[in-house]
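> Same order as they appear, the protein sequences are chains A and B.
Everything in the first sequence is counted per the numbering used here, starting at 1 for the first residue and increasing by one.
Everything in the second sequence is counted per the numbering used here, starting at 1001 for the first residue and increasing by one.
The hints are simulated quantities; they were obtained by calculation from the structure and are not laboratory data.
Certain hints may be false.
Unchecked claim - Cut-off 25 angstroms, straight-line C-alpha distance, at most; resulting in silico cross-link-like pairs (DSS-like, lysine-lysine):
| hint | chain 1 | residue 1 | chain 2 | residue 2 |
| --- | --- | --- | --- | --- |
| 1 | A | Lys31 | B | Lys1036 |
| 2 | B | Lys1031 | A | Lys43 |
| 3 | B | Lys1091 | B | Lys1031 |
| 4 | B | Lys1031 | A | Lys31 |
| 5 | B | Lys1180 | B | Lys1031 |
| 6 | B | Lys1042 | A | Lys147 |
| 7 | A | Lys43 | A | Lys53 |
| 8 | A | Lys43 | B | Lys1180 |
| 9 | B | Lys1042 | A | Lys70 |
| 10 | B | Lys1180 | A | Lys70 |
What the hints assert, rightly or not - Below, a sample of chain A positions facing chain B; criterion: calculated Cβ distance under 8 angstroms:
| hint | residue |
| --- | --- |
| 11 | Leu134 |
| 12 | Thr146 |
| 13 | Lys147 |
| 14 | Leu150 |
Said to hold, decoys possible - With the Cβ distance kept under 10 angstroms, some of the chain A side facing chain B (calculated, not the full set):
| hint | residue |
| --- | --- |
| 15 | Gln11 |
| 16 | Cys12 |
| 17 | Gln40 |
| 18 | Leu101 |
As the structure is a computational prediction, the values presented were derived from the model and not from experiment.
No residue lacks a Cβ here, since even glycine has one placed at the ideal position from N, Cα and C.
Here's the letter readout for the chains.
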Amino acid sequence: MERVFSDQLNQCRGIIFKVIRLYVHDPEDEKDLFQEIVYQAWKSYPRFDGRSKFSTWLYRVSLNTVLTFKRRPAPIDRVANLERVGGTSDPYEKREATEALYQAIRALGEIDRMIVTLHLDGYTNEEIAEISGLSKNHVAVRLHRTKEILTKRLKDPEV
Amino acid sequence: MNLHEVWRKLEVEKLEVDHPSPLNPWAAKSKHPIAKLKSAYKMTALFSLVFLILCVVLFFLIDQWVVQVGLLATNVSFLFGFVTNFSMFRKIDRGLPMDGNVRMALQNTYDYIRSNIRFQERTALFFYPLSGSAGFMVGTAITGADVWALLQLPAVYWSLLAFAVIITPVGWLSTRWMYKVSYGVCLAQLRDLIAELDQPVEE
């Protein structure tokens, strides 16, 4: 079982990195949390029945572990990162736009951060509701608001 | 700007971590509140065991029945402390499922930490007065004085009673304070997230 788990984990470990980077800002906490998530996933693995995809299940474990972990509030230099966003075809600047979006998401509240990240990763409102424990309607309303905030921030970093 | 399109281009840099074995649990200095609880239970169990052994040795060394009665009562409390803390230390590994929804995981973690803190606070109510009184008797016996004769003096037994009356709330309050320092931020974080999830939304 450990072999199967490790293979699946290695294929999806990007999810863990993504969740950690969205919520944690201290290198020591990052390492600690990575180990914690792997451990929690292993502990919960016997209950994984394959009804959802392994990646969805791992996303859930990662979010739960990160959100129940004591985190230090992060200083986010949002303006500095967003100032560089422009409507250009230059690949370097496109990467900057991606980084700006990432920083804008990091500046959101922790619950909104979770909802919008799941949405951007292709989860439906119903799936997000199931993962978060919110109602589908609640997710839809919050998502709509958050997307508006993000779009405004990306257009005008001062917002 | 299409957020989905921009997001897809995101390359999350990989963390430089050794792949930990899932069978090798908690990091040595994990800041996860449950890991901290586990390590606190381990330390308390260890201290209870050390004091239990010490009290057993003193029981046979001090030949005064009143001190032996005090030590016996203290031993019972240390034995209880050792057994409960050790069993909590072992049980905590099988603790909280993290594969439910986020709301449930937050609430479970919050309730689990709160109930463990309440348990420790209740233990402090009888642990400190008992240990303090036994400590006083042992200290007196070590000086060579007759503890039973000393306890007949009103000044001594009133002092002992006053000590027990004062130390009970002090022990309870200091335990509360210690747990507030250790878990206060974490509990506030969990409470805020739960409140945010429970907040009704207006369309």
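> Looking back at the numbered hints, which does the structure fail to meet, lowest number first?
6, 8, 12, 15 and 16
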